[in-house]
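K.L.:
Residues per chain, in single letters:
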Amino acid sequence: MTPDGIRTAFGPAGLTTEEPVGRSTAWWGVTLFVATEGTVFAALLGSYFYLRFQHGAPWPPDGIARPELLLPLIMTAVLVPSSLPVVWAESGIRRGRRWQLRAGLLATLAMGGTFLGLQGVEYHGLLREFTVTTNVYGSLFYVITTFHGAHVTVGLLMVCWLLAASLHDGSGARRREQVRVVAYYWHFVDAVWVAVLFTVYLSPRL
Amino acid sequence: MNQRLPPRTALFGGLLLWFAVLGGVLSWTVHSLAAWSIDELTCEAGHDNLAGFPLTGAVALAVLLPAAGAATALVVSVLAWRRLRPGPRADDDRSLGRAHLLAVVGLWLNVLALAMIVLGGVAALVLPPCQR
Amino acid sequence: MASSTAACDTGPGPEAMASLSRHWAEAPTLRNWFATVDHKRIGRRYLVTAGVFFGLAGASAVALRTQLAGPEAGILSAWEYNQLFTMHGTAMIFLFSTPMLFGFGNFLVPLMIGARDMAFPRLNAFGYWVFLFAGLFMWASVPAGAAPDGGWFAYVPLTDERNSPGLHLDVYTLGLLFLGVSTTAGAINFIVTALKLRAPGMSLNRVPIFVWAVVATSFMVLFALPVLNLDNVLLFLDRRFDTRFFDPGRGGNVLLWQHLFWIFGHPDVYIIVMPALGIVSAVLPVFCRRGIVGYPLIVFSIVAIAIISFGVWVHHMFATGLPQLSYGFFSAASTIITIPSGLQIFAWLATMLTGRIVVRVPFLFVVGFLVTFVVGGVTGVMFALTAFDQQITDTYFVVAHFHYVLFGGAVFPILAGLYYWLPKLTGRMAGERLGRWAFGLVFVGMNLTFLPMHVSGLLGMPRRVYTYPGGLGWDPWNLLATVGAYVLAVGLLLVVAGVIHALRRGEPAPDDPWGGDSLEWATSSPPKPYNFPVIPRVHSLHPVWDPRTAESTGLGADGDRILAEGRGTLLTSELDGRYERAVRMPQETLKPLVAALGLLIVFLGLLLAGYWVAAAGAALVVVTLGAWLWPPRQTPEEADPAVGGGAV
Ligand code: HEM
Ligand SMILES: [Cu+2]
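Chains as they are written, first to last, in our numbering: chain L, -7 to 198; chain F, 51 to 182; chain R, 3 to 650.
Since the hints were derived computationally from the structure, they do not count as laboratory data. Misleading hints may appear alongside valid ones.
[Said to hold, decoys possible] Using 25 Å as the maximum straight-line C-alpha spacing, the simulated SDA-like pairs for lysine to any residue come out as follows:
| id | chain 1 | residue 1 | chain 2 | residue 2 |
| --- | --- | --- | --- | --- |
| 1 | R | K530 | R | R507 |
| 2 | R | K593 | L | Y193 |
| 3 | R | K593 | L | L108 |
| 4 | R | K593 | L | L149 |
| 5 | R | K593 | L | T145 |
| 6 | R | K530 | R | E17 |
| 7 | R | K530 | R | H170 |
| 8 | R | K593 | R | G607 |
| 9 | R | K593 | R | D560 |
| 10 | R | K593 | R | F238 |
| 11 | R | K530 | R | T51 |
| 12 | R | K593 | L | A156 |
| 13 | R | K593 | L | R90 |
| 14 | R | K593 | L | V146 |
| 15 | R | K593 | L | L37 |
| 16 | R | K593 | L | T(-6) |
| 17 | R | K593 | R | R580 |
| 18 | R | K530 | R | G15 |
| 19 | R | K593 | L | V135 |
| 20 | R | K593 | L | H143 |
| 21 | R | K593 | L | C152 |
| 22 | R | K593 | L | Q111 |
| 23 | R | K593 | L | Q46 |
| 24 | R | K593 | L | P196 |
| 25 | R | K530 | R | W479 |
| 26 | R | K593 | L | W19 |
| 27 | R | K593 | L | W153 |
| 28 | R | K530 | R | P588 |
| 29 | R | K593 | L | H47 |
| 30 | R | K593 | R | Y581 |
| 31 | R | K593 | L | H160 |
| 32 | R | K530 | R | L495 |
None of these values were measured; they are calculated from a predicted model.
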């Protein structure tokens, strides 16, 4: 922006620009919902650090090994890109291409499902080493990851619902709005995973 | 009244007003979280430095940077408040009235936020960081 | 006050009116009683239900006071006493104050902003049913002998499984989680409604203070409540599934509970009080015959309190040994937050000084509020002196202080609001004489109950004791407090009697009995199902006193704001209230009720360890929500983007 533009922006004409503007009620609803859910995760991850630092070294305690990174990184590689097919599906319905909507949603479903499967594999191995009752580390590890997994599940249920609805009928304005809401929620679940990855898997190595 | 502005300029103006409203309290939030967790966690771990960096220095940064942010927001809000003062026929220009209200709210929010950050800085000056 | 609006003289024609009634009226069937989505009916239900919970919590308090009337009394056992004081505190905070104010919000926010319903009417119905079931869930534990007994803030380790076996604390954690669903849904609904459904022309600088207060409260709920929910989840897991969050033997930490609880708990004090202050700002100026003084400063004060209240939780932990500097960062917030609170008081005083005061019952309750709230504020400042704090922590001084704040800050404004809006809620006027008697008894009773507690507290009487030995100088003060509690109870019963009397044979209320300035007074008492035949156009902060608004619903009414075809209301822009488009509102439906029942099954299953039952309940919720959002076959008109967009 030119200095002149900045000066205009800082004048009455610029400052009175309405922003945000023209959003739908559904958009606001899901934004606020994501905000409150994000607060839950913030408090949960904050509790992780609080308990960890109050506990002191060694972390993980009681001879539990540091978390393996390979599997979680694969899970990341599956989950984070799953936002792309959602975006693609969204643009599909905007252009009235129903096949694109369905294909995009199916891809998301597959990727999210894979993520959950991998989480199961991970638990299967780890549960032999420690469980949710072993100590505070075990409780944190399983509760945080399960809580996130539950959000992935809810997101997938929404995607299933959209798929079913897209097989049933057309692509009115309302449906577009719904796809947008689900996409929004799915991006949120993805973003939270990055925070979980950092807290649970990477931070013990710092 | 702003139909003729290019979209980017208009957006920038709108966001600038929000910075004038919320910049101070956001800085205060950053300040409290940063200063508190630095102090609490370092002392808990029994050090008085943070990876070789003296603790007082880290706390000072957690005071000064947010203070600068809040001060900037304060200046912006004062300017916005002066430029948005509604004229005599204000009654009908509701955008101006609305933006002026937000500027007033922001101005006082920034004053409070700056005051809280400064008081936190004073506490950091007089209290040794890990005293219980 | 130029004119009060006579809405339908020259507004919509008879066909339009008939069409509006046809589309909005809910047939008076039993099904519709359960299926209603009308914010006015739901709001009234919130008020009545919260009133009943207030009665139960009040009855518990009277039982406590009866036990404490004299030393060594044997009316309640320690075990019963613990459950009753915990239920009293928990219910007053969670099941009475916030839902009661949400009830006012539900009824009033759409009316005040000139909308025809909340943004999400079905979610609104769902929120009510969840509130009702969560309240019953918690109260049912009292006759079952399993009521929470760990105090309203349930400090761990007192409340872990070893120290507190049985279902008591599970009722607490699960009940509050269940209730949290309702509160969160309500908060989202209020914010979206206030952002998008305001009448055209109502830019942010023309929004009534009460609406600002409800919106700010809702934001606080969205950021504070999740922390409490998390805390309760962790405690439930620790108790039921042996996780170790609060178990120091396995690396956990009991202080985590307190930190999380007060990160919620401090804003919660303002969550309770803020909408009540909003009521005061709505009621007081009307009886001073002028607009409120310092509108921008009050808005500032509301926003400031909502934000800063999140920064003051650490002062609840003075006894726990954190580094002093950590306190330093937060005590700044504790000091500064008194500025915006004081500002509101000065704005009200200035309004009274510059106005022409008319003393009616609502105004009396406002005065009662001012007196008690200021006393509570003064004793609060005494806490700020840390040394003093250490002395009186956990004595009756604290009990006295927070009742002045909470009773003064919530109950008096709620009663003021009740008398003020009763005409709008019911279409009837309350009797003035009975109301004055009620005020007198409540005011005297309240002070007689809680003033002596300051003294017994300073004499060292600890709180949360089920009895005490005689001869420590506490006896007379306790007796006085008990007498006060009975006087107070009689006063509150007179309020109930007044409402019933008004319903039975009160005078019919005119549209605008008090000469109010906000839009709820621009429509009939009680309002028609569609609230406004013509959605008004707003030109100032006092639309009812503004002839241009009257003109906009009379001669100047246009089809855009009548929306007679189907259930419709307007969306306007977030900040400036510019006309955007019309939207469809949903019809009556039983799905919210079914979804709430599903949740009830979930929580009962969790409580009684029937996890498969809980899973079945969850499945019911999921299926119901799926069906709820399933779009019905679209009519061509609905497929038109102009009226398509979504009210969920
Ligand atoms: C109706 C008149 C009321 C009376 C007679 C009353 C009486 C009492 C008494 C005697 C206690 C102390 C119990 C003890 O420490 O042993 C108490 C505690 C409490 N009250 Fe009230 N109260 C009343 C109204 C309210 C209201 C309106 C609220 C809140 C909006 C409230 C909130 C509380 C809370 C939070 C506690 C603390 C419970 C605990 O220690 O966990 N009370 N009340
Ligand atoms: Cu506090």
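K.L.:
Does each hint fit the structure? Answer for all of them.
P.N.:
Right, here's what the structure says about each hint:
1. R:K530 / R:R507: holds (21 Å)
2. R:K593 / L:Y193: violated (42 Å)
3. R:K593 / L:L108: violated (30 Å)
4. R:K593 / L:L149: holds (19 Å)
5. R:K593 / L:T145: Given pair K593 (chain R), T145 (chain L) holds - Cα atoms ~23 Å apart, limit 25 Å.
6. R:K530 / R:E17: Status holds; Cα separation ~16 Å.
7. R:K530 / R:H170: This hinted pair is violated, its Cα atoms lying about 45 Å apart.
8. R:K593 / R:G607: Holds, at about 21 Å.
9. R:K593 / R:D560: Judged against 25 Å, a Cα distance of about 35 Å means the pair is violated.
10. R:K593 / R:F238: violated (29 Å)
11. R:K530 / R:T51: Satisfied, since the Cα-Cα distance of roughly 23 Å is no more than 25 Å.
12. R:K593 / L:A156: Cα-Cα ~20 Å, so holds.
13. R:K593 / L:R90: Distance of about 29 Å is beyond 25 Å: violated.
14. R:K593 / L:V146: holds (19 Å)
15. R:K593 / L:L37: violated (35 Å)
16. R:K593 / L:T(-6): violated (55 Å)
17. R:K593 / R:R580: violated (33 Å)
18. R:K530 / R:G15: Satisfied, since the Cα-Cα distance of roughly 16 Å is no more than 25 Å.
19. R:K593 / L:V135: violated (32 Å)
20. R:K593 / L:H143: holds (23 Å)
21. R:K593 / L:C152: holds (20 Å)
22. R:K593 / L:Q111: Since the Cα atoms of K593 (chain R) and Q111 (chain L) sit roughly 34 Å apart, the hinted pair is violated (cutoff 25 Å).
23. R:K593 / L:Q46: violated (47 Å)
24. R:K593 / L:P196: violated (46 Å)
25. R:K530 / R:W479: Violated: K530 (chain R) and W479 (chain R) sit about 51 Å apart, past 25 Å.
26. R:K593 / L:W19: This hinted pair holds, its Cα atoms lying about 22 Å apart.
27. R:K593 / L:W153: holds (17 Å)
28. R:K530 / R:P588: Holds, at about 17 Å.
29. R:K593 / L:H47: Status violated; Cα separation ~47 Å.
30. R:K593 / R:Y581: Since the Cα atoms of K593 (chain R) and Y581 (chain R) sit roughly 32 Å apart, the hinted pair is violated (cutoff 25 Å).
31. R:K593 / L:H160: This hinted pair holds, its Cα atoms lying about 21 Å apart.
32. R:K530 / R:L495: violated (30 Å)
Comparing the model with each numbered hint stated earlier shows that hints 2, 3, 7, 9, 10, 13, 15, 16, 17, 19, 22, 23, 24, 25, 29, 30, 32 do not hold.
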